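K.L.:
Below are the chains, spelled out letter by letter.
Number of protein chains: 2
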Amino acid sequence: MKKVITISREFGSGGRTIGREVAEQLGWAFYDRALVERLAKESGYSEEFIEKRGEDATTTSSFLFNLARSGGTGNYGGGAGSYDGTPGLSDKLFVMEYNLIKRLPEEGPCVIVGRCSDYILRDLPDALHIFVFADESFKADRIVRLYGERDDAPAKRLEEKDKKRKVFYKNYTGRSWGRSQNYDLCLNSGKLGVENCAGVIAHLAEL
Amino acid sequence: MKKVITISREFGSGGRTIGREVAEQLGWAFYDRALVERLAKESGYSEEFIEKRGEDATTTSSFLFNLARSGGTGNYGGGAGSYDGTPGLSDKLFVMEYNLIKRLPEEGPCVIVGRCSDYILRDLPDALHIFVFADESFKADRIVRLYGERDDAPAKRLEEKDKKRKVFYKNYTGRSWGRSQNYDLCLNSGKLGVENCAGVIAHLAEL
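Protein chains in written order, with numbering that gives the first Met the number 0: chain P, 0 to 206; chain B, 0 to 206.
In short, the hints are calculated from the structure, not lab data.
This one's a predicted model, so the numbers in the text were calculated from it and none came from an experiment.
Check each hint, because a few of them may be wrong.
[What the hints assert, rightly or not] The following label-pair restraints were derived from C-beta to C-beta distances:
1) 135(B) - 0(P): 23 to 29 Å
2) 154(B) - 175(P): 20 to 26 Å
3) 174(B) - 28(P): 37 to 43 Å
4) 26(P) - 2(B): 34 to 40 Å
Cβ coordinates follow ideal geometry from the N, Cα and C atoms, glycine included.
Please build the complete structure, drawing on both the sequences and the hints.
P.N.:
Structural data, given as structure tokens:
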């Protein structure tokens, strides 16, 4: 029996929907929007600002480099071995988010979507780390259906969103986003179906 | 209901065992050693030679380049649009293997392990393409238990075998071996368990 599931996903793949469905099937807490709300409450920043910043790191800053130099590992923020660089606002928010995500499993079993949660909880026993992806046409159809038409073509919207996620992930984890070996299970939701993906994940979590 | 499953795997991950188990559960044909035997029969080369060559392309030759220049796509060997470069022995064998793997699904539902079968059957409807991997310690334990101790350390044996597979795959497909988006499902067998992986694959194939 697992206690935590993290879900990383390509934009438009249905990973968020899969996460919600898994949480419902298992009766677990679901952290997506709820994570933003918690972070806003604890940090004092607005939900809108946190949400935008969470996928909008446009440069590969020296966060990890500063962290390594300071000898920081495990728990960030305060105390020995903690992060003592001179972080920007994004870095400060990441540290808050890091510490919040580290604490969540202590409150009970949960599903967490995005926010580098796979990396932050990589050493946690009883965790299942999932990556959801799909082919371009499946994702393009899905975002137009869910979020409507925009000035930009669907292909461009997909590319830009995932590019931001890749840069953000690389910046704060040093790892390559979507590399199969970073996860326990990678699913092509376009091929397997969103409902089937949720069923398989819930099944594996209960073993 | 799917009709073909291809399984690519890191050395020592148990992918071959998973494939055999899935084939047994579904009552499907299993092509691993059987593929080598068929190819030996059809080509006249010895099984030993074919087996060694299948994972022993040590250079990135110009096979794909020659193929692209000749306009060859789909079915190789003979006829319009076929491969008419000046292939080496390995290339000739790959063409035979390519054509054999293309024909296999016509004979009935089957599980095929390795040999670039995911790439060769990438456009086939009703196919499920799987990648199996595991962490180093799981794989090291497994190869020592299954294949015994050798002069080389387990870590070195793992690295050398997978390096050959990567080069072979890149050479003949132009794709990156183990990239999650090339498959429908990637499984960490060390984390999920070999039996559970087989169960999930068989379940998804029957949907």
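K.L.:
With reference to the structure, classify each hint as holding or not holding.
P.N.:
Results for each hint:
| no. | hint | verdict |
| --- | --- | --- |
| 1 | 135(B) - 0(P): 23 to 29 Å | holds (26 Å) |
| 2 | 154(B) - 175(P): 20 to 26 Å | holds (22 Å) |
| 3 | 174(B) - 28(P): 37 to 43 Å | holds (39 Å) |
| 4 | 26(P) - 2(B): 34 to 40 Å | holds (36 Å) |
The earlier numbered hints are all upheld by this structure, with none contradicted.
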